[in-house]
Amino acid sequence: MGTSHSEMLAEVRLEMACRLLAESSKRLSDIAKFLGYSNPSSFSRVFVRLMRVRPVAYRRQQLARLHRQGRRHKKPRAIGD
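Heads up: the sequence shown begins at 1 in my numbering, then just goes up one per residue.
Bear in mind the hints are in silico, worked out from the structure with no lab data behind them. Among the hints, a few may not be true.
Per label pair, the in silico range of CB-to-CB distance [to be verified]:
(1) Ser-29 to Gly-2: 28 to 38 Å
(2) Val-48 to Leu-9: 15 to 25 Å
(3) Met-51 to Arg-27: 17 to 27 Å
Note that the Cβ used here is the ideal one computed from N, Cα and C, for glycine as well.
Can you make the complete structure from the sequences, with help from the hints?
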């Protein structure tokens with residue numbers, strides 16, 4: 001059987017969360033709201049459960065990775081860009 005609607009939604013939300021955390025400077029509360037979570041703590045709990053790292057730590061890891069690769073940090077993009 002295929003992927004359920006809720007599984008697909010969770011996957012898309014996670015992909016978007018990872019991208020927004022890595023490529024924008026938006027606050028967690030703004031990201032959580034944009035992705036449809038009722039509050040930032042709900043978003044954080046789901047993110048930790050799926051990624052095994054807190055959203056803030058994930059953002060730091062991604063920025064460090066970009067720095068190690070010698071890339072300049074791009075101008076943060078607004079949500080929805």
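Hints versus structure:
{"no.": "1", "hint": "Ser-29 to Gly-2: 28 to 38 Å", "in the structure": "holds, 34 Å"}
{"no.": "2", "hint": "Val-48 to Leu-9: 15 to 25 Å", "in the structure": "holds, 18 Å"}
{"no.": "3", "hint": "Met-51 to Arg-27: 17 to 27 Å", "in the structure": "holds, 18 Å"}
Checked against the numbered hints given earlier, this structure breaks none of them.
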